[in-house]
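K.L.:
Each chain, letter by letter, is given below.
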Amino acid sequence: MKVYNMVVIGAGPAGIAAALEAKKNGIDDILVVERDEYIGGILPQCIHNGFGLEYFGQELTGPEYAFEFIKELKETDIEVLTETMVLDVDKNKVITALNRKDGVIRVKGKTIILAMGCRERTRENIKIPGDRPSGILSAGTAQRYTNIEGYMPGEKVVILGSGDIGLIMARRMKLEGADVKAVLEIMPFSSGLVRNKVQCLDDFDIPLKLQHTITRIEGKERLKRVQVAQVDKDFNVIKGSEEWVNCDTLLLSVGLIPENELTKAMDLKLHPVTGGTFVNENRETNIEGVYAAGNVLHVHDLVDWVSEEAEIAGEAAANYLNDNLTKRKTKIKISPDRNVTYTVPQKIEYEFGDKNFIKIFMRVTKPIENVKVNFKYKDENIVSFPKKIVMPGEMVTANLPTALIKDHMKEIKVSIVKKEGETNGKK
Amino acid sequence: MEKNDIICTGCPKGCRVTVEVENEEIVNIEGYECPTGKKYAIDEYKNPTRILPTTIRVKNGEFPLVPVKTAEPIPKALLIKAMNIIAKKEVKAPVKIGDVLIQDILNTGVNIVATRNIDKKAGV
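Each protein sequence line maps, in turn, to chains A and B.
One point on numbering: in the working numbering, the residue at position 164 of the first sequence is 181, and numbering is uninterrupted.
One point on numbering: in the working numbering, the residue at position 113 of the second sequence is 136, and numbering is uninterrupted.
If you are wondering where the hints come from, they were derived from the structure by calculation, not from laboratory data.
Everything numeric in this text was worked out from a predicted model, so none of it was measured.
Incorrect hints may have been included.
[As the list claims (entries may be wrong)] Taking lysine-lysine and the DSSO-like style, the derived pairs with C-alpha atoms no more than 30 Å apart in a straight line are:
id, chain 1, residue 1, chain 2, residue 2
1, B, Lys36, A, Lys389
2, A, Lys144, A, Lys91
3, A, Lys405, A, Lys344
4, A, Lys198, A, Lys241
5, A, Lys389, B, Lys26
6, B, Lys99, A, Lys91
7, A, Lys383, A, Lys344
8, B, Lys36, A, Lys405
9, A, Lys435, B, Lys62
10, B, Lys144, A, Lys405
11, B, Lys104, A, Lys173
12, A, Lys281, A, Lys173
13, B, Lys36, A, Lys91
14, A, Lys350, A, Lys389
15, A, Lys88, B, Lys61
16, A, Lys393, B, Lys144
17, A, Lys198, B, Lys26
18, B, Lys104, A, Lys118
19, B, Lys62, A, Lys436
20, B, Lys119, A, Lys226
21, A, Lys393, A, Lys110
22, A, Lys127, A, Lys173
23, A, Lys383, A, Lys435
24, B, Lys36, A, Lys226
25, A, Lys110, A, Lys389
26, A, Lys383, A, Lys405
27, A, Lys88, B, Lys26
28, B, Lys69, A, Lys41
29, B, Lys143, A, Lys226
30, A, Lys118, B, Lys61
31, A, Lys108, A, Lys19
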């Protein structure tokens with residue numbers, strides 16, 4: 018069996034960045050396995066602009082962002098296998114994969130990077146009752162048809178969910194000539210970026226109906242109409258608010274789920290909030306030498322941070338292979354406290370070396386203005402960072418200085434609270 | 024006096040800025056909470072522009088479409104007109120990222136450029 022220093026599962030932005038970072042840190046014999054026919058993950062179909070402001074300091078489209086990494090990858094001797102599906106990874110880091118050319122392949126990785134990304138929630142996940150006609154697609158599937166494969170999914174479109182993919186697809190369908198009837202959002206606020214709400218909906222007079230959902234689907238062969246209803250603050254349908262909207266296409270943008278079947282098969286536990294596995298500051302899972310990065314670990318809103326996270330994993334894997342890491346005597350737990358739903362990483366396990374800080378990613382429960390991100394050990398405040406505004410749809414990050422982390426601290430709690438003693442969510 | 028409501032896209036706050044206009048002159052701006060908001064509202068009132076990302080059909084390509092964009096933002100009012108011109112265009116593979124596929128669209132001085140490499144289909 019061929020043994021690689023590193024096997025990366027998934028050639029999206031996370032997988033490519035992790036492989037490149039390991040290579041830059043002197044690691045040879047790297048294999049990247051990808052199930053699609055091209056690399057770059059979801060980026061090639063995200064033809065809109067808005068990528069790269071954090072990472073490259075300039076605004077790029079999805080394919081352009083991917084190209085920067087793909088170009089670099091092609092200049093290396095990193096092996097890439099496309100149209101190859103990984104079936105299993107075991108605890109000994111043996112990977113079983115399958116493709117049409119080689120049949121069943123078995124290789125071993127001294128380190129493994131899990132970079133499988135995430136997938137969209139479906140109609141079945143959110144249980145909309147009614148008929149089962151054609152014309153009901155996830156927004157991302159419609160995006161692939163429209164932007165890569167050259168099919169127009171339909172003419173009269175309703176979109177459920179106001180996440181960024183839903184908003185982007187509302188504009189895309191409109192630009193391609195479809196009649197986009199409305200975007201429906203069950204929450205009282207849009208979960209997408211303000212910019213996307215303005216440039217994708219307002220620019221084209223597409224209505225955004227907040228606190229609305231779909232209660233019924235009708236159509237025999239093809240979708241004919243959907244029943245739209247208003248909901249109250251507990252998400253119960255308000256009786257009498259139902260109305261039928263004629264459409265032949267329903268796009269769903271109702272959330273993303275990290276794709277962790279392989280992770281689960283390795284007996285790695287999944288975090289109840291992120292849907293990804295548990296990791297330390299190196300993005301190392303509970304199996305030594307196995308790392309997770311990108312949307313398989315927690316769903317990001319910016320690809321820029323996927324790249325950054327994957328580089329942390331890639332560099333750490335290189336240090337592991339070069340025997341450059343020392344475990345701390347006691348590990349430090351990082352726990353979410355007030356208004357924080359989760360943090361990544363969930364623990365710190367290694368000596369800091371020359372690292373000046375550890376970047377903590379987190380999400381907040383509700384929109385709050387004028388806040389402080391507080392890191393605490395018991396009642397003692399370690400460090401605070403002010404932020405003008407935090408939103409559930411936008412990941413919050415803070416750099417925890419390593420100089421302030423002391424050996425006796427076994428748990429550090431992270432909270433986000435209003436500056437002058439928190440009152441409520443909105444002023 | 025004419026009032027224009029503009030939502031600032033500078034940050035997640037999304038301030039609703041009101042631009043009051045008299046005889047085509049801005050006389051008052053309200054509702055912004057930082058300089059970004061004020062500047063955005065003025066630009067957005069005077070000349071709202073957008074980058075237009077879309078696709079162009081490709082003959083004999085590994086994929087049937089190449090993603091493209093306007094190399095610079097163009098006036099918002101021209102987006103649909105630009106789409107109608109782009110819809111009629113077809114190019115031949117191979118296409119290289121950055122290639123100018125349509126020059127000076129609608130006399131804006133802005134080119135439509137490819138944002139991905141599209142190779143020839145194997146065996147063509």
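K.L.:
Between lysine 88 of chain A and lysine 26 of chain B, does the CA-CA distance stay at or below 30 Å?
P.N.:
Roughly 49 Å between the alpha carbons, so the hint for lysine 88 of chain A and lysine 26 of chain B is violated.
K.L.:
Sort out whether lysine 118 of chain A lies within 30 Å of lysine 104 of chain B, counting only the CA atoms.
P.N.:
47 Å, violated
K.L.:
Is it true that the CA of lysine 108 of chain A sits at most 30 Å from the CA of lysine 19 of chain A?
P.N.:
OK: lysine 108 of chain A and lysine 19 of chain A at ~17 Å, within 30 Å.
K.L.:
Could you grab the alpha-carbon distance between lysine 88 of chain A and lysine 61 of chain B and see if it respects the 30 Å cut-off?
P.N.:
40 Å, violated
K.L.:
Is the Cα-Cα distance between lysine 383 of chain A and lysine 344 of chain A 30 Å or less?
P.N.:
36 Å, violated
K.L.:
Given the hinted pair lysine 198 of chain A and lysine 241 of chain A, is their alpha-carbon gap at most 30 Å?
P.N.:
13 Å, holds
K.L.:
Does lysine 405 of chain A lie within 30 Å of lysine 144 of chain B when you go C-alpha to C-alpha?
P.N.:
Outside the cut-off at roughly 51 Å; violated.
K.L.:
Just to be careful, I want the Cα atoms of lysine 62 of chain B and lysine 436 of chain A compared with a cutoff of 30 Å; is the pair within it?
P.N.:
Answer holds: lysine 62 of chain B to lysine 436 of chain A is near 28 Å, not above 30 Å.
K.L.:
Check the hint pairing lysine 143 of chain B with lysine 226 of chain A against an upper bound of 30 Å on the C-alpha distance.
P.N.:
With Cα atoms ~44 Å apart, lysine 143 of chain B and lysine 226 of chain A exceed 30 Å; violated.
K.L.:
Is lysine 104 of chain B within 30 Å of lysine 173 of chain A, Cα to Cα?
P.N.:
Holds, at about 21 Å.
K.L.:
Between the alpha carbons of lysine 281 of chain A and lysine 173 of chain A, is the straight-line distance 30 Å or under?
P.N.:
Distance of about 40 Å is beyond 30 Å: violated.
K.L.:
Next pair to validate is lysine 119 of chain B with lysine 226 of chain A; report whether the Cα-Cα distance is within 30 Å.
P.N.:
It is violated: about 41 Å lies between the C-alpha atoms, which goes past 30 Å.
This entry does not satisfy hints 2, 3, 5, 6, 7, 10, 12, 13, 15, 16, 18, 20, 21, 22, 25, 27, 28, 29 and 30, going by the numbered hints stated previously.
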